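**Student:** Sequence:
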Amino acid sequence: MTRAETTEPDLPNLSPYFIARFLAYLSDCGVSDATPSPLLGGRSNRVWRLGGIVVKLYGDSHANPLFANDAAREYAALQALNGTALVPELLTSGQFEGHDWLAYRHSPGVTWSSGSAEVAALLGRLHAQPVIPGLPTGVSGSAAINDQTRSILAYCGDAGDLNRLEPGRQIPAAGRRVLIHGDPVPGNIVTSGGCLTLIDWQCPQIGDPAEDLALFLSPAMQQVYRGAPLTGAEEATFLAAYPDPEITARYLSLKPWYHWRMAAYCQWRDERDGDQNSLAYRLERAALEACLEHA
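Counted from 1, the sequence shown has number 292 at position 1 by this note's numbering; the numbering is strictly sequential.
No lab work stands behind these hints: they were computed from the structure.
Hints are supplied without guarantee of correctness; some may be wrong.
[Unchecked claim] Here are the simulated SDA-like cross-link-like pairs (lysine to any residue), alpha carbons at most 20 Å apart as the crow flies: (1) 546 with 531; (2) 546 with 454; (3) 546 with 313; (4) 546 with 463; (5) 546 with 438; (6) 546 with 582.
Small disclaimer: the values here were computed from a predicted structure and weren't measured.
Hey, can you work out the whole structure from these sequences and the hints?
**Tutor:** The following block contains the structure:
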């Protein structure tokens, strides 16, 4: 899906009058007086394009058990990675009536939909960047993923039989942690003329690079954001193109755990959205069951 096709963000407390005041404030303080055009991206924030500028108004930072929504972390990432071509150009940020906001240069292009090798190279470049001080440490290894998945299932009213699908093989935490995006799904990758840019930096961490690989390769995330999971050939191309074979091997060893966690997240998301047995959930669960059958 492109930004304009994704679902309306969960910001029920922001009235049209609040939005009008905020947009007038942006004009008054010199950010931009261009006509705002709404961009629908994630589910937690309001985003507008104002000419060559994108403005994001942040919502609840504690509503999601897997993906943080932290304005300070996004500011830190855009600032630290300025000039690398990995991120859009940071312009300014602030607060308006208790809500954080951030402005950055619009990245021309379209949401990624094909060319998995290019994404592998992009993530490889990101993972080679210096770590950013102050970012939280991400989960790493099967024990930590188990704990995180159990915490997600605890939010679910009906976890079904996901509990019995817990993988068995234990994988230790990574020996080296790097800067990771934390949400490199197709909707957060903009492509233009062969150049790829990562956007929506609300949840970067110092963590296991295999986490980013798992999130990009997730059948559920591919289905939600581009309308179909990757083919086996596209996944193989991605893994072959990622520059560190030790990390790809680590991802493969943790693959059942990543599918289990994402299936739990899809269950939580379905319950929150009033959906049942969504295609995203079914795809992720099928991938998990396939891993367990071949374990």
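**Student:** Confirm or reject each hint.
**Tutor:** Hints, one by one, checked against the model:
| no. | hint | verdict |
| --- | --- | --- |
| 1 | 546 with 531 | 16 Å, holds |
| 2 | 546 with 454 | 17 Å, holds |
| 3 | 546 with 313 | 43 Å, violated |
| 4 | 546 with 463 | 13 Å, holds |
| 5 | 546 with 438 | 16 Å, holds |
| 6 | 546 with 582 | 8 Å, holds |
Checked against the numbered hints given earlier, this structure breaks only hint 3.
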